[in-house]
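What follows is each chain in one-letter form.
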Amino acid sequence: MSSGIEAQVLQPYKYGFVTDIESETVPPGLSEDVIRLISQKKGEPSWMLDWRLKAYRNWLKMPEPHWANVQYGPIDYQAISYYAAPKQRPKLDSLEQVDPKLLETFEKLGIPIEERKRLAGVAVDAVFDSVSVATTFREELKKHGVIFCAISEAIREYPELVQQYLGSVVPYNDNFFAALNSAVFTDGSFVYVPKGVRCPLELSTYFRINAESTGQFERTLIIADAGSYVSYLEGCSAPVRDQNQLHAAVVELVALDHASIKYSTIQNWYPGDEEGRGGIYNFVTKRGACRGRSSKISWTQVETGSAITWKYPGCILQGDDSIGEFYSVAVTNHRQQADTGTKMIHMGKNTRSTIVSKGISAGRGQNTYRGLVKILKGAEQARNYSQCDSMLIGDQCGAHTFPYIDVRNSTAIMEHEASTSKIGEDQIFYAKQRGLSPEDAVSMIVNGFCKEVFKELPMEFAVEAQRLLGISLEGSVG
Amino acid sequence: MTENVLLQVQDLHATVEGREVLRGVDLTVRAGEVHAIMGPNGSGKSTLAQVLAGHPAYTVTAGRVLYEGKDLFGMPPEERAREGVFLAFQYPVAIRGITNAYFLRSAVNAIRKHRGQEELGPVEFMDALEAKLEVIGWDSSYLTRPVNDGFSGGEKKRNEILQLAVLDPKLAILDETDSGLDIDALKTVAQTVDKLRRPDNATILVTHYYRILTHIAPDVVHVLAGGRIVKSGGKELALELEEKGYDWLREEATVA
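Respectively, the protein sequence lines represent chains S and D. Position 386, counted from 1, in the first sequence is what this note's numbering calls 383; the numbers after and before it change by one each time, with no gaps. Here this note's numbering = 1-based position in the second sequence + 14.
Among the hints, erroneous ones may be present.
Think about it this way: if two alpha-carbon atoms lie no more than 30 Å apart in a straight line, the pair counts; the simulated DSS-like pairs of lysine-lysine are [as the list claims (entries may be wrong)]: (1) S:Lys452 <-> D:Lys209; (2) D:Lys249 <-> D:Lys209; (3) S:Lys419 <-> D:Lys146; (4) S:Lys58 <-> S:Lys371; (5) D:Lys127 <-> D:Lys201; (6) S:Lys51 <-> S:Lys38; (7) D:Lys170 <-> S:Lys448; (8) S:Lys448 <-> S:Lys419; (9) D:Lys201 <-> D:Lys184; (10) D:Lys184 <-> D:Lys209; (11) S:Lys419 <-> S:Lys346; (12) S:Lys346 <-> S:Lys192; (13) D:Lys249 <-> D:Lys184; (14) D:Lys127 <-> S:Lys448; (15) D:Lys201 <-> S:Lys452; (16) D:Lys245 <-> D:Lys184; (17) D:Lys84 <-> D:Lys127; (18) S:Lys448 <-> D:Lys146.
Partial chain S-side listing against chain D, Cβ under 7 Å, derived [what the hints assert, rightly or not]: (19) Phe173; (20) Gly391; (21) Ala415; (22) Lys419; (23) Gln430; (24) Glu436.
The hints are simulated quantities; they were obtained by calculation from the structure and are not laboratory data. Ideal placement from N, C-alpha and C gives every residue a C-beta, glycine not left out.
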């Protein structure tokens, strides 16, 4: 075929190295004893253990969901190790004591956590396997009353806050993977922004899976009290492994009156190789509750990694005049599969939601948008705007769109736009005729396609997202 | 005589979807010259332009093309562009979400990099661009619009000429750039092209109409029919075609 759009050499995954560090790993398998052991290692109070066990007992009765448009073999939950931590864990308030190998790891990933090299204007919580190894700028944040720490620390230090909000958006029995997470979660970030405070820094958590045959089950809880604002970003990566690894996270956001949370994700877990060997199963439950009047939650995600992605960051718009947003770019190349979208549940009056989804499929990738917009009876004058665009590169990939709309109030205004385009040979030729390399041509066209989403990302990360997109699609066009 | 030959097309044959469209084209273009290629619909004019630029839909089946003495077909399209071959497209495509300015700067920098020159930053580039914009009678609002997205037919053609002016190629191939332009736009476009004429560059104008040639005087006029150049002459040939059409040439070609 004369077509220039043909796969060639895959650019190797750039974050696939393994850190050689002695780690303490709980033997594979899941039981009440393992959960007790995790809870004990974390020095948790009994209410936390009880909650975990309640979740576990529910999980045992739940079937693994298979309604998503993805295919994979059975997961052996007894073959996974549920806890792995680098030995000699340092005290959190003394970064100097962090194992240099860990510092080096995050440095290599472009996430410097050493004092003198910190990212300007960004506070970072670094999570390595099952534990948080460092959180930067804590003192600075404390001055503003902002709490930013590992969730395991929050359970010990701020039990009232955690007890009040944990599970209040994603209950322990919400779904199969959320229940599993509730039983075994090991670390993650906790954020509390007090009334009227505009968080002075971007908060960021970087998740790194390192150990083999482990799962990562992090839990993040962000509470924005009345009139506050916070922007939070998570990034992630994992070594190249032949085995699939499970990542089942839960993120809960709570925005009270007039509060606003901006949550951005750059997901770059190991996607597996060209033939679909290895890669992360990314089964994630993310949900935000706009509890207060005029509150706002905005999700932005750039999903380039993982063998399988299953996630639907949503907003429950309880407060009147509250706003939910979802901006997404999902890329599937080679044998990657993604089934992702959002849920916007309108409960309050004059609630508004915006959905902009960009799916890019290359190689044999399968990309599904699945979204629910639900307008409940009491949601007078609710509005939704949805836009789902798909781009196909090559002729062996697939794009699928499943928008569910459930309207129970006749004053609602709904708009839905969808488009599918094939990256044009003519577009690429046009750019090449102006001197651009094929890679730059594709990258430019794809970046243009994603622009509406990228402009929602914090500045520092928009550049990273564009670069990542280039890497993910490298080799997809000849 | 041969030292200033920029482009030499020898017995070029090309197919598209298995159909032979070029059947032995010979053409020599020297630096400093403007050549007009005219001919009826379907005679292979646009194919010739696309083949020279390297469009993947066309397959070269025989013949060769030397550009500055080098094998043109040995270079991928982007390298031809960086070496100074520019095609003004008959149907320029749109690129959503990418501004004209960004696209142009990327192109300029790709070429500069190829030449071992330093790449231009956004500010320096904008300064250089302002002057070029004036030439084609545009304000800078066109630079922040996405490439050809929502442009009218005439605006797209003008945008091609803006790119031509900015990239300043050695060999410019204009594929029916004059089609779909009103008289004023045509004049602006033609004058721009005329201003860019230098002893060290050359232009091939692919056109249906005599009109544009009243603004840019060609050195040579060729008539392409049935995939071959059937007649070449001075600019008076264009006038003759304007008056008599192409049919007489077909007869002449058949008799010959």
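Status of each hint after checking the structure:
1. S:Lys452 <-> D:Lys209: Violated, at about 40 Å.
2. D:Lys249 <-> D:Lys209: holds (19 Å)
3. S:Lys419 <-> D:Lys146: violated (34 Å)
4. S:Lys58 <-> S:Lys371: holds (28 Å)
5. D:Lys127 <-> D:Lys201: violated (34 Å)
6. S:Lys51 <-> S:Lys38: Answer holds: S:Lys51 to S:Lys38 is near 19 Å, not above 30 Å.
7. D:Lys170 <-> S:Lys448: holds (22 Å)
8. S:Lys448 <-> S:Lys419: Given pair S:Lys448, S:Lys419 holds - Cα atoms ~17 Å apart, limit 30 Å.
9. D:Lys201 <-> D:Lys184: holds (22 Å)
10. D:Lys184 <-> D:Lys209: Holds - the C-alpha atoms of D:Lys209 and D:Lys184 are around 14 Å apart, at most 30 Å.
11. S:Lys419 <-> S:Lys346: violated (40 Å)
12. S:Lys346 <-> S:Lys192: holds (24 Å)
13. D:Lys249 <-> D:Lys184: Holds. D:Lys249 to D:Lys184 sits at ~22 Å (cutoff 30 Å).
14. D:Lys127 <-> S:Lys448: Within the cut-off at roughly 26 Å; holds.
15. D:Lys201 <-> S:Lys452: violated (40 Å)
16. D:Lys245 <-> D:Lys184: Status holds; Cα separation ~25 Å.
17. D:Lys84 <-> D:Lys127: Judged against 30 Å, a Cα distance of about 20 Å means the pair holds.
18. S:Lys448 <-> D:Lys146: holds (28 Å)
19. Phe173: violated (38 Å)
20. Gly391: violated (14 Å)
21. Ala415: Violated, because the Cβ-Cβ distance from S:Ala415 to chain D comes to roughly 15 Å (cut-off 7 Å).
22. Lys419: violated (13 Å)
23. Gln430: With a closest approach of 5 Å, the S:Gln430 hint holds.
24. Glu436: Violated: closest Cβ of chain D sits about 10 Å from S:Glu436, beyond 7 Å.
Violation of the numbered hints given earlier is confined to hints 1, 3, 5, 11, 15, 19, 20, 21, 22 and 24; the remaining hints are satisfied by the structure.
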